[in-house]
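Taken in order, these protein sequences are the chains called A and B. Read in order, the letters of the first sequence are residues 77 to 481 in the numbering used here. Read in order, the letters of the second sequence are residues 4 to 237 in the numbering used here.
These are calculated hints, taken from the structure and not from any lab test. Keep in mind that a hint or two might mislead.
[Said to hold, decoys possible] Subject to a maximum C-alpha distance of 27 Å in a straight line, what follows is the list of computed DSSO-like cross-link-like pairs (lysine-lysine):
#	chain 1	residue 1	chain 2	residue 2
1	B	K145	A	K476
2	A	K346	A	K255
3	A	K380	B	K145
4	A	K279	A	K380
5	A	K346	A	K336
6	A	K476	A	K380
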Amino acid sequence: MPFEWFVSIRFLREGRMQTLLIFVGVAVGVAVMVFVGALIDGLQANLIRQTLSVQPHVIVHPAEQSARDVAMRGANPVAARIEKSAQRTSTLDQWQVTQQIIDRVPGIVASSPTVAGSAFASKGNVSRSVALRGIDPAGYPRIIPIDQKIRAGIFHLVGNEAVVGTELAKDLGLAVGDKLRLVSTEGRDDIFTVTGVFDLGNKDLNQRWVFVSMRSAQTLLDLASSASTIEATVGDVFEADRVAGEIAMRTGLEADSWMKLNAQLLVALKSQSSSSYMIQFFVMLAVTLGIASVLVVSVVQKSKEIGILKATGTTTGRVTRIFLIQGAIVGIVGSVLGSVLGALLAQLFANLAKNPDGSPTFPVDLGPDRFLIATLVATSIGLLAAVAPARRAARLDPAKVIRYG
Amino acid sequence: MGETVLELDRVVKDYGNHVTTRVLHGVDLQVERGEVMAVIGPSGSGKSTLLNLMGLLDRPSSGRVLVRGIDTTPLGDDAIARLRGRSIGFVFQFHHLLPAFTALENVLLPIWSDRGTVGRAERQLARDLLERVGLASQADNKATDLSGGQQQRVAIARALVMQPDVLLADEPTGNLDTSTADSIFSLLRDFGRERGGALVVVTHDPRLAARCDRVVQIIDGRIVSDVRKTAASA
Numbered sequence: 077m078p079f080e081w082f083v084s085i086r087f088l089r090e091g092r093m094q095t096l097l098i099f100v101g102v103a104v105g106v107a108v109m110v111f112v113g114a115l116i117d118g119l120q121a122n123l124i125r126q127t128l129s130v131q132p133h134v135i136v137h138p139a140e141q142s143a144r145d146v147a148m149r150g151a152n153p154v155a156a157r158i159e160k161s162a163q164r165t166s167t168l169d170q171w172q173v174t175q176q177i178i179d180r181v182p183g184i185v186a187s188s189p190t191v192a193g194s195a196f197a198s199k200g201n202v203s204r205s206v207a208l209r210g211i212d213p214a215g216y217p218r219i220i221p222i223d224q225k226i227r228a229g230i231f232h233l234v235g236n237e238a239v240v241g242t243e244l245a246k247d248l249g250l251a252v253g254d255k256l257r258l259v260s261t262e263g264r265d266d267i268f269t270v271t272g273v274f275d276l277g278n279k280d281l282n283q284r285w286v287f288v289s290m291r292s293a294q295t296l297l298d299l300a301s302s303a304s305t306i307e308a309t310v311g312d313v314f315e316a317d318r319v320a321g322e323i324a325m326r327t328g329l330e331a332d333s334w335m336k337l338n339a340q341l342l343v344a345l346k347s348q349s350s351s352s353y354m355i356q357f358f359v360m361l362a363v364t365l366g367i368a369s370v371l372v373v374s375v376v377q378k379s380k381e382i383g384i385l386k387a388t389g390t391t392t393g394r395v396t397r398i399f400l401i402q403g404a405i406v407g408i409v410g411s412v413l414g415s416v417l418g419a420l421l422a423q424l425f426a427n428l429a430k431n432p433d434g435s436p437t438f439p440v441d442l443g444p445d446r447f448l449i450a451t452l453v454a455t456s457i458g459l460l461a462a463v464a465p466a467r468r469a470a471r472l473d474p475a476k477v478i479r480y481g
Numbered sequence: 004m005g006e007t008v009l010e011l012d013r014v015v016k017d018y019g020n021h022v023t024t025r026v027l028h029g030v031d032l033q034v035e036r037g038e039v040m041a042v043i044g045p046s047g048s049g050k051s052t053l054l055n056l057m058g059l060l061d062r063p064s065s066g067r068v069l070v071r072g073i074d075t076t077p078l079g080d081d082a083i084a085r086l087r088g089r090s091i092g093f094v095f096q097f098h099h100l101l102p103a104f105t106a107l108e109n110v111l112l113p114i115w116s117d118r119g120t121v122g123r124a125e126r127q128l129a130r131d132l133l134e135r136v137g138l139a140s141q142a143d144n145k146a147t148d149l150s151g152g153q154q155q156r157v158a159i160a161r162a163l164v165m166q167p168d169v170l171l172a173d174e175p176t177g178n179l180d181t182s183t184a185d186s187i188f189s190l191l192r193d194f195g196r197e198r199g200g201a202l203v204v205v206t207h208d209p210r211l212a213a214r215c216d217r218v219v220q221i222i223d224g225r226i227v228s229d230v231r232k233t234a235a236s237a
């Protein structure tokens with residue numbers, strides 16, 4: 077075994093209680109780092125997943141119609157104030173062509189057209205205002221996994237079939253197989269059969285959304301064969317902004333990413349991340365100071381031994397390394413213990429709080445790179461903390477130290 | 004005799020920054036191969052300072068220290084440490100073993116520190132030395148589990164492992180009983196005889212000094228007498 081390693085390990089073993097305490101100290105620090113990181117990242121990933129489970133990553137819609145520029149007569153404009161025009165229901169007439177363009181944009185995984193409009197849903201003499209969503213039952217589940225959210229019946233939309241939310245079903249007393257009348261704002265109406273009841277985990281959507289086939293929606297909303305929007309899924313959700321920009325450029329339409337539509341959420345997540353990093357930073361700072369103080373004490377305690385080593389020919393470089401290695405060992409051992417502790421803690425926490433359906437309320441993210449980073453950080457701070465004690469040890473004057481036993 | 008292994012050339016040593024105290028006043032001393040030398044003198048005469056300078060643990064304020072003809076004045080700290088490890092063995096009054104290490108490991112430390120790693124050959128050398136000092140069966144005991152005399156024997160084995168040119172001993176028998184002291188001194192003296200290295204013993208003990216070939220007396224930082232015996236010590 078190399079000399080420095082041998083002496084380092086012996087010194088650590090000799091320091092029993094001290095060594096044990098600093099191992100535990102580093103382990104607790106690393107455990108907090110792993111636990112807080114796993115929890116925050118897990119929660120954030122879950123929040124984004126939940127948000128995106130009822131929202132498309134990218135929505136492509138026709139550009140807003142703006143009033144024509146004021147005519148200029150000489151240097152004076154005709155009108156000082158321009159009234160914004162009411163937005164007519166503008167639609168995508170050539171959506172098949174647009175969809176082909178969208179599908180060729182790098183990063184796009186799936187896209188599906190949607191026909192949207194307002195309607196009244198009624199059964200007997202009870203009526204509710206609903207958001208009518210005409211979709212392609214084959215392609216749409218790749219945008220929003222509605223087929224996995226069905227609580228009763230099946231996800232099936234052929235002819236005059238409809239899928240409604242749990243809240244609407246409750247309000248109108250609807251069950252699978254029941255008939256439902258939908259009256260659009262265009263004045264058209266038709267009778268639909270409820271094939272399924274969905275639960276998107278959002279009361280408002282469960283009350284307002286009614287899915288019908290695209291064909292039925294086009295008929296009800298008087299839209300011939302056009303679509304209102306094309307919704308798309310991207311591979312990496314954080315690429316949505318870039319992909320949306322690309323789509324807007326290629327199609328000349330407007331494309332909004334979920335990030336733009338949920339800017340508030342993202343700001344909240346970012347500040348949550350920063351506070352998590354702050355906690356981790358200060359915990360590791362405390363750990364660094366802890367390691368440094370233990371090693372400084374150790375240098376004082378071992379000054380005689382260091383003097384003997386130097387008197388018998390050990391160079392200052394080797395003495396320095398002996399203490400740097402001790403710092404690194406403390407970091408590595410502490411981070412291994414801490415990783416285990418943190419993972420156990422996170423798992424315990426995840427198992428403790430569960431949703432009624434058995435999924436954890438606090439999902440944790442325990443990827444391998446989390447432990448890799450924790451180990452790297454702890455080892456680096458171990459080394460860093462050892463620098464001052466090591467220099468101190470290297471400066472010891474052997475003649476002074478060994479004079480008196 | 005003849006070959007000089009260690010030489011002090013007009014060595015002066017001062018202590019203190021503002022008020023300096025001169026501890027050595029230009030000492031000239033040559034230690035020859037195979038020689039067994041005692042340095043005697045009252046407390047505070049500069050014996051220990053002299054030993055530290057001879058052992059390269061300290062640097063002179065002026066003058067030169069030469070080891071095997073090499074002037075150590077221009078050498079850096081690490082070069083000095085290496086030269087010290089290879090040329091000079093120490094036996095201190097308070098043995099100074101590393102308590103967390105076994106007897107064998109203590110003996111190995113200088114060679115280990117010099118080469119970085121040790122193999123079978125070095126371990127065997129260390130075992131042989133421990134056997135030579137009568138501690139073969141204690142090789143794997145912790146230093147703290149040994150008696151005072153045994154610890155001093157381990158320290159001697161450690162001092163010899165690098166096969167130094169000079170063995171420096173500071174009151175090597177200072178806190179040992181008479182019979183143990185005798186056998187320890189015999190071991191030290193045999194080193195000089197058998198291996199052709201020089202032994203320098205700093206001591207208060209006139210009995211110890213009487214067993215040396217050469218007795219250097221130092222008072223107030225000056226050598227006042229330097230007596231060589233001729234074949235009397237045999």
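Next item on the list: Could you check the structure against the hints above and give me the numbers of any it violates, in ascending order?
Entry: 2 and 4
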